[in-house]
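Trainee: Below, each chain spelled out in residue letters.
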Amino acid sequence: MADLINLIEGWITNLLLGWGASEELTLFLLQALGSVLVVIICFLIVIALIWVERKLAGRIQDRFGPNRAGPFGIFQSFADIIKIFTKEYVTPKGAEKGAFNIAPVLAMASVLAIWAVFPFAINVIGADVHVGVLYIVAVSAFGILAILMAGWSSNNRYALLGASRSVAMLISYEIPMVVSLLVPVLLAHSMKLSVIVKAQQPWWYLLVAPTAALIYLISSMAEIGKAPFDLLEAESELVAGYHTEYSGMKFGMFYVAEFLHQFTVGALITIFFLGGWGGPLAMRWPILGVIYFYGKSFLVYLVISWIRLSLPRIRIDAMLDLNWKFLIPVSFVNLVAVAVADRVMLELDLATWMYVGVMFAVNIFILLASLFLAGKSKPVVEREKFPPRPVAVPPGTES
Amino acid sequence: MLVSVLVFVFASLVTLGAAVAVVTNKNILHSAFYLILAFVGVAAIYVMLEAPFIAMVQVLVYIGAIAILIVFAIMLTRRLMSKDMDQKNAQWIPSALGSLTLFVVLGWIVYTAGWPAQEGAMPAEPISQLGQDLLTTYLVPFEIASVLLLAALVGAILIGRERETRSAE
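Those protein sequences? They're chains Y and F, same order as listed. Mapping of the first sequence onto the working numbering: position 122 corresponds to residue 122, and the numbering continues sequentially without gaps. Mapping of the second sequence onto the working numbering: position 8 corresponds to residue 8, and the numbering continues sequentially without gaps.
Think of the hints as simulated: they come from the structure by calculation, not from any bench. Quick caveat, the model's predicted, so the values are computed rather than measured. Ideal Cβ positions, reconstructed from N, Cα and C, are used throughout, including at glycine. Among the hints, erroneous ones may be present.
Unchecked claim - Derived SDA-like pairs: lysine to any residue, alpha-carbon spacing no greater than 20 Å straight-line:
| # | chain 1 | residue 1 | chain 2 | residue 2 |
| --- | --- | --- | --- | --- |
| 1 | F | 26 | Y | 98 |
| 2 | Y | 226 | Y | 128 |
| 3 | Y | 97 | F | 30 |
| 4 | Y | 97 | F | 74 |
| 5 | Y | 198 | F | 127 |
As the list claims (entries may be wrong) - Taking CB as the label site, the calculated pair distances span:
| # | chain 1 | residue 1 | chain 2 | residue 2 | range |
| --- | --- | --- | --- | --- | --- |
| 6 | Y | 75 | F | 73 | 27 to 37 Å |
| 7 | Y | 128 | F | 116 | 25 to 35 Å |
| 8 | F | 93 | Y | 367 | 38 to 48 Å |
| 9 | Y | 58 | F | 4 | 25 to 35 Å |
| 10 | F | 73 | Y | 318 | 19 to 29 Å |
Build the full structure now, drawing on both the sequences and the hints.
Mentor: Encoded structure:
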């Protein structure tokens, strides 16, 4: 009972071998089954998340949210799914058919592919590759590509503008994201996700490297492309940005990919900073680890939702300033400081709690110092100030 | 064994086909997308050679940075977009000669090289081994490469700034 997943795996293996299947075939079937299972769980989670998100948005913005279909509106998402499947696919005139149709699939695939390497519990791990962290960063690149393809192939100026903004934003926010990801890699001495999670028991990297965790949270919120970083689909400026021309399930794929991306960021923060599957008794009962993993990811998801539902959209120059003039320098200083502190304390051979305490102090010092410096510096470009204008001017008196 | 041969043949065909499409396509943005497909095929071959690090760096650098930069640059220049470009310009003969020479030299190298393979198993942690080697045995090339990249960064900022100072004068 404690090790439910491996129990089922062993049972299926013996069953297939008993039926005379070869060992390679059994392994292949089991891997295929595992991947399909992970993907299906992802989709089921997204259906639930869409409802949670709307209900939460309703609460935060002082309205009800969905409340018609079923108790508390829990069947709203299902109604939406049925609606979106029956909608007509519209391909705009002059669109590039191939790229137009591949883009939503690519957007979805780039998010789902990240789940291939996750450690769900101490002995339930996806592909446990040596280059796990690098794989995650590399696969995300296809998401940017999908947005570019969608924006360009729609033959729509708004879509193209949205896509161009996305490149400016997603590529620049990748830098602080990757640099802050280097901190857990540095502390765990490995790029393997399972090793990173194991190194965090019981001291989570949130305590050892809080600055990196914060930078990672901010920059991956920008990578999701939702508010306050939703410049690539700003409704008031660009209709719907890069997916203006998409309808039916093609739009649905972008929508689901966006939701799943937010949950995936929650899972990544769980793995890198919140101890992954770690928790009481998770070593003995791996099934608990799976529950902890999904539970923590969901908590981070709620925090991200909370932030993005509370903040208005950030202006494009402020968005670039935040990245290039604050996040990138801070993340580099933080990386160097953590590396030096880690090495020095390795030489001193301190107790673990002292190590964690000193690391925490170093991180908080860097964070406060950088916030202080950022507060003192003046913006380079002063916004032009216009003299106040009367609201209405009688005709003929304009100067 | 058979499966790996099939996968290799498939990846090579995709790479070569996409590469041919890059050159022959009239729409320059289609060429860029086919170039990305070729990069994916090369990454797949790296994975088959048990070099996942190189494969991931290939995807990260070539698709995540270079290809997206190319696509973005094409999208910003409206004249190049959605028009069937003339595939020749004034310099096509010298560049064809240069490419042919490069092809012959590379082909000769590939044909004559003995491809020595080191015996023995892979190290348990290939990436940490790579990092150790880069910072001990190959420290000087590593540092030269980083200085080169830094110079490129500084140069990019200088080029970007030039116009600003000129207009201020």
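Trainee: Find the hints from earlier in the document that the structure breaks and name them by number, from lowest to highest.
Mentor: 2, 6, 8, 9
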